[in-house]
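Visitor: Listed below are the residues making up each chain.
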Amino acid sequence: MTATPQTSDLLPGFDHAAFDSNAVFRVLLDAMSRPGRIYDLPVQTVSPDGLNATATATLLAMTDMDTTIWLSPTCATKAASDHLKFHCGCPITTDVTQADFAVARIEDDLSFVTDLAVGNAEYPDQSATLILIVEKIENGPAMTLSGPGIKDTHSLAIKDLPQSFHAWRAENHHLFPCGVDVIFASPTQIAALSRTTRIEVN
Amino acid sequence: MYVAVKGGERAINNAHKLLAEQRRGDTDIAEIETDQIEQQLSLSVTRVMAEGSLYDRDLAALAIKQARGDLIEAIFLMRAYRTTLPRFAFSKPIKTAEMDVSRRISATFKDLPGGQILGPTFDYTHRLLDFTLMANGEQPTEAPHGEQPVDENMPRVLDDILNYEGLIQDEPTPVNENAPVADLTREPVKFPAGRDLRLQNLSRGDEGFVLALGYSTQRGYANSHAFVGEIRYGTVSVEIEPEELGFAIDIGDIELTECETVNKFKGSKTKLPQFTRGYGLVFGQNERKAISMALVDRAMRANEMGEQIMGPAQDSEFVMEHSDNVQSTGFVEHIKLPHYVDFQGELELVRRMRTEVEERLAKRDAEDDTSQPEAAE
Amino acid sequence: MEQIVKNPADGASAYNFAYLDEQTKRMIRRALLKAVAIPGYQVPFAGREMPMPYGWGTGGVQVTAAVIGPNDTLKVIDQGADDTTNAVSIRQFFAKTAKVATTEKTAEASIIQTRHRIPEKELREDQVLVYQVPIPEPLRFLEPRETETRKMHALEEYGLMHVKLYEDIARHGHIATTYAYPVMVDDRYVMDPSPTPKFDNPKMNDMAALQLFGAGREKRIYALPPYTKVKSLDFEDHPFEVQTWEDECGMCGARDSYLDEVILDDKGNRMFVCSDTDYCAERQEAGHRGPQHHDQPLGTSKREEAAE
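Residue numbers (the working numbering), protein chains in the order written: chain A, 1 to 202; chain B, 203 to 579; chain C, 580 to 887.
If a hint is listed, it holds; no wrong ones were tucked in.
Derived DMTMM-like pairs: lysine to aspartate or glutamate, alpha-carbon spacing no greater than 20 Å straight-line:
{"#": "1", "chain 1": "B", "residue 1": "K297", "chain 2": "B", "residue 2": "E379"}
{"#": "2", "chain 1": "B", "residue 1": "K392", "chain 2": "C", "residue 2": "E727"}
{"#": "3", "chain 1": "C", "residue 1": "K743", "chain 2": "B", "residue 2": "E548"}
{"#": "4", "chain 1": "C", "residue 1": "K730", "chain 2": "B", "residue 2": "D517"}
{"#": "5", "chain 1": "B", "residue 1": "K297", "chain 2": "B", "residue 2": "D398"}
{"#": "6", "chain 1": "B", "residue 1": "K267", "chain 2": "B", "residue 2": "E240"}
{"#": "7", "chain 1": "C", "residue 1": "K730", "chain 2": "A", "residue 2": "E122"}
Bear in mind the hints are in silico, worked out from the structure with no lab data behind them.
Let the hints inform the model, and build the full structure from the sequences given.
Guide: What follows is the structure, encoded as structure tokens:
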């Protein structure tokens with residue numbers, strides 16, 4: 001099924017596949033259901049160069065041979081590719097339009113985001129999910145969020161989030177029901193923005 | 203007096219015990235063994251494998267025993283087991299052209315290269331109950347072997363004979379043998395569905411349903427008159443190609459029935475007329491299913507052939523959504539589950555509407571009484 | 580790689596945690612994330628054959644199996660009751676394959692799988708409500724073809740649904756839909772709330788708990804994130820209204836809960852009792868009494884012997 005691994009450099013995946021995947025998924029489900037709320041990564045995971053623990057855990061929990069992953073140039077280290085191929089068996093693409101999950105760092109050139117799949121009117125679920133590796137997620141006033149999953153409003157601050165992100169996100173929101181969902185992955189925490197979330201940048 | 207219903211758990215367990223008791227029947231009679239089922243009810247076994255989408259004779263025999271001979275229940279058991287199995291590999295396309303043939307007939311040619319090989323068949327048996335099977339048991343005499351060995355590379359009627367003259371459409375062959383094939387057990391079906399998905403659906407579809415639809419195409423609910431170009435039944439080998447090996451290995455043989463139909467031709471002022479095709483393939487020996495499947499396959503190609511849709515067999519969404527007997531059994535039978543909450547809503551509404559109508563009628567009667575003081579004589 | 584739950588009571592069985600294999604769970608989990616991101620939209624998923632029949636909750640069971648973890652506490656209700664046969668069967672299934680704690684108390688459950696009811700007790704943020712759905716497509720009875728209904732959702736073309744409801748009013752003076760009453764989600768998708776009585780529709784609006792819907796046979800998953808606007812379709816001159824009863828629950832005296840009618844004899848005598856068994860039991864424990872309760876003058880004391 002997966003290519004024969006070079007086991008010498010491989011890092012371990014989840015300790016307990018079923019329980020750890022479930023724990024990470026539950027946090028993702030909560031995060032996507034309640035955009036802007038911050039959740040702690042519920043498992044200890046080692047991460048290969050290029051990724052952080054939260055992004056790694058998200059990919060281990062959600063991807064397999066049925067999902068295609070795109071890694072930004074700074075994420076696409078050999079260690080990261082080997083790790084994902086071995087533990088998830090997922091195809092890794094260099095064509096961002098093919099990605100089910102795209103992974104990048106906040107400081108990367110994010111112009112690729114406009115090429116991510118947004119689904120179509122009949123199947124808006126056929127869209128990509130963007131995992132952004134960030135340094136810090138805070139309950140700060142930078143953004144005021146509203147929409148499904150949010151009682152009244154919620155605030156969220158992501159360190160170093162560029163202005164261009166907001167322009168793209170505003171456009172993405174207007175595509176609804178099509179669009180890309182975003183998962184912010186700090187070394188220890190997760191927050192998400194669903195395509196439904198309205199953002200007021202303060 | 204009202205007592206809240208309790209003890210569902212005990213009732214369920216007891217019902218299951220009773221079921222087991224009834225399955226066994228009279229204990230003075232020898233218990234049926236699964237190998238007896240596997241050997242002597244082999245057509246039940248293959249039907250359960252075909253519609254259960256799992257080629258395992260022993261498990262199918264077990265499922266039939268456990269299901270008390272209810273084949274749809276047995277198919278369900280097979281499916282529920284199959285779904286938990288990890289997938290190790292995808293096979294290479296099987297080669298029915300290289301089938302080790304037990305039976306092969308064509309209705310379109312009296313004689314043909316490779317010959318008509320009757321093999322084991324109910325055809326031409328007189329359907330008279332054979333009471334000796336009941337009274338004495340049977341000791342069949344050994345069937346004689348043919349004088350000539352069966353052609354190892356039995357030519358195919360459609361591809362090798364008819365197509366020689368270009369009289370029949372080519373079956374579109376994939377450019378890449380290893381290109382992915384749709385699999386409705388792994389991906390949700392989307393419409394319009396490709397032919398690969400339609401064929402998979404038919405092959406595991408309910409035999410009775412596919413038969414009835416095939417029959418309907420012969421009675422005017424489609425217009426694609428069919429001849430059986432060829433039916434062949436026998437064994438083919440299944441191969442997988444493990445990535446680390448880089449070459450194919452044989453993992454075993456399966457029994458299959460394949461039917462190819464030659465259908466109404468198609469052409470235009472500028473295009474030479476050609477016959478078209480329908481295709482059926484099913485585990486085991488099951489010509490009823492294979493022929494029906496080929497008829498329905500051809501009928502479902504209506505759009506591709508630019509034909510007018512005139513019957514349900516041509517409507518692939520209708521066919522595919524209703525062919526699965528595990529799905530249909532579950533949903534048809536689920537209406538015996540409690541629905542009293544929904545029914546309560548309906549009761550309340552019907553009572554309310556009746557009251558309203560009664561009030562309205564009473565009011566009108568009252569008005570009528572006052573507005574007609576002098577009725578005619 | 581997979582966690583096998585050894586089941587000593589049933590020697591032949593060894594399942595992955597919560598029955599489904601990890602790959603299947605991932606597939607369902609991906610569909611769930613999409614479902615919460617597009618509230619009310621039906622996400623196709625490759626539903627698996629389950630060891631229980633289609634139409635008996637396989638969609639809900641698959642969703643629960645994908646969501647449930649070892650620390651969850653599961654409650655299963657059918658028609659509001661924990662002790663109906665199918666609820667018992669599904670609860671046993673998870674007790675066996677996931678070894679999770681189960682409960683009949685709404686307040687104690689972290690996951691509630693339901694068929695046809697929403698509990699009367701208000702649900703909390705830390706709870707997940709999983710619905711079993713037979714026909715997820717609210718437009719199905721108006722248009723049987725999936726290719727067409729998909730288009731209608733894509734174009735937000737819901738005129739047919741309004742025409743159908745309006746025809747009811749013209750014919751009966753009412754919207755003659757009492758359960759599976761269609762709702763509009765976040766002003767975008769018309770959604771089938773599953774065959775819950777319309778009495779329960781208002782509870783879906785702005786609910787604190789996450790609501791997940793699984794249709795196994797039809798292979799669709801959809802969701803309502805918490806605090807999502809859910810509005811029952813209606814007309815200005817015929818506003819949506821829920822069922823009301825002139826009676827109260829015979830056991831606990833509740834007048835605010837959905838009541839089931841119980842036929843007492845063949846002479847037209849009947850009583851009403853809460854469909855939500857936990858709600859009713861809790862009220863009785865708190866001392867509330869209805870007219871047919873055994874310690875009421877009209878009640879009967881036989882109940883105690885019969886109910887163990």
